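Protein chains: 2
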Amino acid sequence: LDYQHVQVPFEITLWIMLASLAKIGFHLYNKLPSVVPESCLLIFVGLIMGGIIYGLNDKSPPVMDSDIFFLYLLPPIVLDAGYFMPSRPFFENIGTILLYAVVGTIWNVFGIGFSLYGICQVKAFRLQDVSLLHNLLFGSLIAAVDPVAVLAVFEEIHVNEKLHILVFGESLLNDAVTVVLYKLFRSFCEMPAIKSVDVFAGVGKFFVVGLGGVLVGLTFGLTAAFTTRFTKDIRVIEPLFVFLYSYLSYLTAEMFHLSGIVAIIACAMGMKRYVEANISLKSHTTVKYFMKMWSSVSDTLIFIFLGVSTIGENHEWNWPYICFTVIFCLIWRALGVLVLTFFVNRFHVNTITSKDQFIIAYGGLRGAICFSLVFLLPDFRRKKLFIAATTVVILFTVFIQGTTIRPLVDLLAVKRKRESAPTVGEQIHIRFLDHLLAGIEDISGHWGQYYWKDKLEYFNSKYLQKILLREYDQPKSSIVLLYEKLERKHAIELAEAGQLGHAPSHPTLLRSGFLCSNNRIVVTDKKLEDALNPDVLENIQEILARNLYRIRRTGPAYNRHTLPGETEPVEHAKEILILRHKGL
Amino acid sequence: LDYQHVQVPFEITLWIMLASLAKIGFHLYNKLPSVVPESCLLIFVGLIMGGIIYGLNDKSPPVMDSDIFFLYLLPPIVLDAGYFMPSRPFFENIGTILLYAVVGTIWNVFGIGFSLYGICQVKAFRLQDVSLLHNLLFGSLIAAVDPVAVLAVFEEIHVNEKLHILVFGESLLNDAVTVVLYKLFRSFCEMPAIKSVDVFAGVGKFFVVGLGGVLVGLTFGLTAAFTTRFTKDIRVIEPLFVFLYSYLSYLTAEMFHLSGIVAIIACAMGMKRYVEANISLKSHTTVKYFMKMWSSVSDTLIFIFLGVSTIGENHEWNWPYICFTVIFCLIWRALGVLVLTFFVNRFHVNTITSKDQFIIAYGGLRGAICFSLVFLLPDFRRKKLFIAATTVVILFTVFIQGTTIRPLVDLLAVKRKRESAPTVGEQIHIRFLDHLLAGIEDISGHWGQYYWKDKLEYFNSKYLQKILLREYDQPKSSIVLLYEKLERKHAIELAEAGQLGHAPSHPTLLRSGFLCSNNRIVVTDKKLEDALNPDVLENIQEILARNLYRIRRTGPAYNRHTLPGETEPVEHAKEILILRHKGL
Numbered sequence: 001l002d003y004q005h006v007q008v009p010f011e012i013t014l015w016i017m018l019a020s021l022a023k024i025g026f027h028l029y030n031k032l033p034s035v036v037p038e039s040c041l042l043i044f045v046g047l048i049m050g051g052i053i054y055g056l057n058d059k060s061p062p063v064m065d066s067d068i069f070f071l072y073l074l075p076p077i078v079l080d081a082g083y084f085m086p087s088r089p090f091f092e093n094i095g096t097i098l099l100y101a102v103v104g105t106i107w108n109v110f111g112i113g114f115s116l117y118g119i120c121q122v123k124a125f126r127l128q129d130v131s132l133l134h135n136l137l138f139g140s141l142i143a144a145v146d147p148v149a150v151l152a153v154f155e156e157i158h159v160n161e162k163l164h165i166l167v168f169g170e171s172l173l174n175d176a177v178t179v180v181l182y183k184l185f186r187s188f189c190e191m192p193a194i195k196s197v198d199v200f201a202g203v204g205k206f207f208v209v210g211l212g213g214v215l216v217g218l219t220f221g222l223t224a225a226f227t228t229r230f231t232k233d234i235r236v237i238e239p240l241f242v243f244l245y246s247y248l249s250y251l252t253a254e255m256f257h258l259s260g261i262v263a264i265i266a267c268a269m270g271m272k273r274y275v276e277a278n279i280s281l282k283s284h285t286t287v288k289y290f291m292k293m294w295s296s297v298s299d300t301l302i303f304i305f306l307g308v309s310t311i312g313e314n315h316e317w318n319w320p321y322i323c324f325t326v327i328f329c330l331i332w333r334a335l336g337v338l339v340l341t342f343f344v345n346r347f348h349v350n351t352i353t354s355k356d357q358f359i360i361a362y363g364g365l366r367g368a369i370c371f372s373l374v375f376l377l378p379d380f381r382r383k384k385l386f387i388a389a390t391t392v393v394i395l396f397t398v399f400i401q402g403t404t405i406r407p408l409v410d411l412l413a414v415k416r417k418r419e420s421a422p423t424v425g426e427q428i429h430i431r432f433l434d435h436l437l438a439g440i441e442d443i444s445g446h447w448g449q450y451y452w453k454d455k456l457e458y459f460n461s462k463y464l465q466k467i468l469l470r471e472y473d474q475p476k477s478s479i480v481l482l483y484e485k486l487e488r489k490h491a492i493e494l495a496e497a498g499q500l501g502h503a504p505s506h507p508t509l510l511r512s513g514f515l516c517s518n519n520r521i522v523v524t525d526k527k528l529e530d531a532l533n534p535d536v537l538e539n540i541q542e543i544l545a546r547n548l549y550r551i552r553r554t555g556p557a558y559n560r561h562t563l564p565g566e567t568e569p570v571e572h573a574k575e576i577l578i579l580r581h582k583g584l
Numbered sequence: 001l002d003y004q005h006v007q008v009p010f011e012i013t014l015w016i017m018l019a020s021l022a023k024i025g026f027h028l029y030n031k032l033p034s035v036v037p038e039s040c041l042l043i044f045v046g047l048i049m050g051g052i053i054y055g056l057n058d059k060s061p062p063v064m065d066s067d068i069f070f071l072y073l074l075p076p077i078v079l080d081a082g083y084f085m086p087s088r089p090f091f092e093n094i095g096t097i098l099l100y101a102v103v104g105t106i107w108n109v110f111g112i113g114f115s116l117y118g119i120c121q122v123k124a125f126r127l128q129d130v131s132l133l134h135n136l137l138f139g140s141l142i143a144a145v146d147p148v149a150v151l152a153v154f155e156e157i158h159v160n161e162k163l164h165i166l167v168f169g170e171s172l173l174n175d176a177v178t179v180v181l182y183k184l185f186r187s188f189c190e191m192p193a194i195k196s197v198d199v200f201a202g203v204g205k206f207f208v209v210g211l212g213g214v215l216v217g218l219t220f221g222l223t224a225a226f227t228t229r230f231t232k233d234i235r236v237i238e239p240l241f242v243f244l245y246s247y248l249s250y251l252t253a254e255m256f257h258l259s260g261i262v263a264i265i266a267c268a269m270g271m272k273r274y275v276e277a278n279i280s281l282k283s284h285t286t287v288k289y290f291m292k293m294w295s296s297v298s299d300t301l302i303f304i305f306l307g308v309s310t311i312g313e314n315h316e317w318n319w320p321y322i323c324f325t326v327i328f329c330l331i332w333r334a335l336g337v338l339v340l341t342f343f344v345n346r347f348h349v350n351t352i353t354s355k356d357q358f359i360i361a362y363g364g365l366r367g368a369i370c371f372s373l374v375f376l377l378p379d380f381r382r383k384k385l386f387i388a389a390t391t392v393v394i395l396f397t398v399f400i401q402g403t404t405i406r407p408l409v410d411l412l413a414v415k416r417k418r419e420s421a422p423t424v425g426e427q428i429h430i431r432f433l434d435h436l437l438a439g440i441e442d443i444s445g446h447w448g449q450y451y452w453k454d455k456l457e458y459f460n461s462k463y464l465q466k467i468l469l470r471e472y473d474q475p476k477s478s479i480v481l482l483y484e485k486l487e488r489k490h491a492i493e494l495a496e497a498g499q500l501g502h503a504p505s506h507p508t509l510l511r512s513g514f515l516c517s518n519n520r521i522v523v524t525d526k527k528l529e530d531a532l533n534p535d536v537l538e539n540i541q542e543i544l545a546r547n548l549y550r551i552r553r554t555g556p557a558y559n560r561h562t563l564p565g566e567t568e569p570v571e572h573a574k575e576i577l578i579l580r581h582k583g584l
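Residue numbers (our numbering), protein chains in the order written: chain B, 1 to 584; chain E, 1 to 584.
Chain B on its own, in the form it takes in the complex (with noise of 0.2 Å):
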């Protein structure tokens, strides 16, 4: 038994294989799911493993290491976040999104450090040790919201799309708060003095930090979509460059100390149009699926692992600090949220309601972002302290919060997200009112988004298609290119359904002549039914009638850097065209 040489890869595919059949375990019992969020049980089953290890051992477990968390778990998540993010919501609200993540996490940070500050001057709770500064930087790690804990939750829960789009958008964007003011505060923990300048240069940095992620983030995405212009011949490893370019952009902008988030997200924003376009359907799938399996894994990963590094002893248990720290995250939020959203309705006709503001504060969860953090502190006296009080408001907001949100929105009956998607009716009045307001905001001088985003528009099609798409002749209108997706869809399903048996199959006969030999068939059938079974005869004329035409394409010679069936759909269109012409 050589268990060393293939340890590292076989406790890694180990533990994935734990985490699936853990999923597919909840989902099995169809009630628990409905009733309990994933990631609550997903930590539960840690607990439970973590447990396991320690009654074994008798030592602690080991932790999630946190550059394994910020280089392999969280990348897929928040590419998956990304590359699905509902861009129109999102631009819509990326004024109020962005108030929330950087002011908001700002004032988080310092009502949480001051009051806890306070907290630590009560003698009885023997905390005086704590200096301001620690506690700031404990406040700017546990500020946060979490963006795996936010859509595990939110996503189960169906709110309507603003609010979703709210959470989940400053959950992603105070990313570069949170490393800029955790960076800030960690080196000013180790400076003997701090200066004013420092301070300054930490509010510039904020910038920096979140434009730098932006313009890396782009900058890979744009290099994708190029790329993908030229893989026609080799449509297999198309699916890759959509992953390898988005890792280099989160690796490329963590090395630069700049958003890792911020830039992975501006990248899969940024190619997705553009790949879409350039890619095979079958390239596209797999990019879907292999992103939402990848994220799905992850998180659950982390969950686990959350659950797992929870039981040991690297915890100190001073409780007065511990439930403070809970009280405080709650209270600043909500004023946070109540404030902040004050001054966004004064200049919005579409404003937040009670409900909806409500269910923001609320659904502030914490998750592995601040466990990973916290773990990454400077060893200090209280850094245990530190730690657990994060586990405790981690787990009291994945566990209460989390259960709990789903009956609130329901006895509160928030407005749920629309079942269904717009009708192509209401997709061409959007359409036709985004032009129009981009006409009226040209025409009365106002620089509004309308504006803007028309003339991002046409620098688009003007000049950033030509450069990035393959086949650019006039760009296609979302309408045609939705109609083409139903068709395909349409198509399978009545496949699926048996129904394509009735489609007329000879291109020629389609026309004219297939009506009256159809009539002939039909009769003919008649006299033949009552000899033979009809479902058999049904069978029998579908397999003749389709594969006379069909049969001698039923799969072309294997290569290697093919999948079947790649290249032909076009040749066959071809054919179908020529027929047709001849046809007339």
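Honestly, the hints are just simulated from the structure, not real lab data.
Everything numeric in this text was worked out from a predicted model, so none of it was measured.
Where hints are given, some of them may not hold.
Any copy will do: because identical chains look the same in the list, a pair fits if it lies in one copy or spans two.
Stated by the list, open to error - Result set (DSS-like, lysine-lysine): computed pairs, CA atoms no more than 30 Å apart in a straight line: (1) Lys272 to Lys282; (2) Lys272 to Lys232; (3) Lys232 to Lys282; (4) Lys59 to Lys383; (5) Lys205 to Lys355; (6) Lys383 to Lys205; (7) Lys232 to Lys485; (8) Lys282 to Lys485; (9) Lys455 to Lys485.
We have chain B already, so just place chain E on it with the hints.
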């Protein structure tokens, strides 16, 4: 700049990116890949990269780590090979393949080992210190035909199916022999004296390694199939299980010193039919696509690394030994094929022609497996000589044999692979003959392959399918399955060619009403067509006709754990059936 922190994933990503871009680069110039096999080009890229690294650092570039090769690069390629293995020709020729793989490889090992030992006795070459055991050890690593190299070349030349499976199957299954002989000679080298018991233990070990690999693989494969029974509610992680279980089978086999390659092939072939029946169509596309993508990247990386590792100062250039190694590799392979084929042809009606024999002998390419094994050798005086000889043999076979095999195949007019797949008619006849032969074998009491195949099929449908398949009612005939597949493909093609517009969309119109109503539509069209642009009219008509029925299902509510459009088709099919019944 914090490069240290992200170094590992960053460099891995960059290598993969380089490999992918190299692949794109070759395919941009269409003529290049048709003359030179891709493997040669990639080694060439690797040589240039290695030269650059050597020139810049003035020290040998990093050598491909054997662990990385065996644990991370080889499994995807073998999985891809096993999953897409054409099982019928494989099992039809399993006897011949095993004879080549086992007896042929042993023949080559001893032939090359003893002849090289003879060369070492020539005093002029100054090689007297290379013992017989070392020569045999070298023979054991240089004798084995490499699946990666064979795949890369043979998939581009499209020889007939039998010839392909003979060379390819041999290259896969000889792994068990190589593992045993290599480890045996290695341990003999370290032993003070060799007893005859050890030799017999070696022979016994071969069966353990090979059959153990099959057993481990099948166990994991069937477990994978069983697991996918329960993934109906969580489609998104289905593809994961295919990869996880096959990788686990490989690692487990390696852990117990069994043949990992044989295990992963058994796993892939064992799970394929059940997994395909259980998972959704999209999951299956993802599995296929990702497997192809992964193996494609892996073999690109392997060839690039081969090139990089060639540059440097790891070599001892004793040209007589090196040249004789190349010559003996060629001679012993040719002799082996001739002798073994002579015996094979005596027992088969369908003989292997002399042209085929030549291609089998000529197609015995060596590759990265030898290369990794030679670096795994324990350090001794002449290791660098072995490394040099291995490098030259690999480069010779890949470059000289790899580039000339295509012209030779053309010149000899070797029977090519038929371009089109068998028609339904042919498939029916093949199945019919299978049944007939199974019956004849049963009656005559001959336990031939058809008899066993029939028994296995019976066992499969009576027990295995009931345990492993989700919806087990009745085994769907393969013709019905093929028909469904063709239908689906046809439907997509129709939709893409815009032909679906003429298919009746409202199901109640289908049976009788449709013909009349369609007649009327055609008539009405005639009048309208004069007034309106016919293309526009057709578009409007199509959009109206189809969207009436389908538009309310544009997209389901977004949920993280299901992909859009996953559960829809079933409901839709039901709806269609209900409407149909009403219409009758």
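Identical-chain pair category, Lys272 with Lys282, by Cα at 30 Å: Both: 15 Å inside a copy, 20 Å across copies.
- prompt: Which holds for Lys59 with Lys383 at a C-alpha limit of 30 Å: within a copy, between copies, both or neither?
  reply: within (19 Å within a copy, 45 Å between copies)
- prompt: Are the CA atoms of Lys282 and Lys485 at most 30 Å apart within a copy, between copies, both, or neither?
  reply: both (13 Å within a copy, 15 Å between copies)
message: For Lys383 and Lys205, with the copy left unspecified, which applies at a CA distance of at most 30 Å: within, between, both, or neither?
response: within (26 Å within a copy, 55 Å between copies)
Within, between, both or neither: Lys205, Lys355 at alpha-carbon 30 Å: Answer is neither; intra-copy 36 Å and inter-copy 72 Å both fail.
- request: First find the shortest C-alpha distance between Lys272 and Lys232 inside one copy, then the shortest across copies, and answer within, between, both or neither for a cut-off of 30 Å.
  value: Intra 17 Å, inter 29 Å, cutoff 30 Å: intra and inter.
- prompt: Between the shortest in-copy and the shortest cross-copy C-alpha distance, which are at most 30 Å for Lys232 and Lys485: within, between, both, or neither?
  reply: both (21 Å within a copy, 25 Å between copies)
- request: Tell me, please, which holds for Lys455 and Lys485 at an alpha-carbon limit of 30 Å: within, between, both or neither?
  value: within (27 Å within a copy, 46 Å between copies)
field: Homo-oligomer pair classification [Lys282, Lys232; C-alpha up to 30 Å]
entry: both (13 Å within a copy, 21 Å between copies)
The structure fails to meet hint 5 from the earlier list, while all remaining hints are met.
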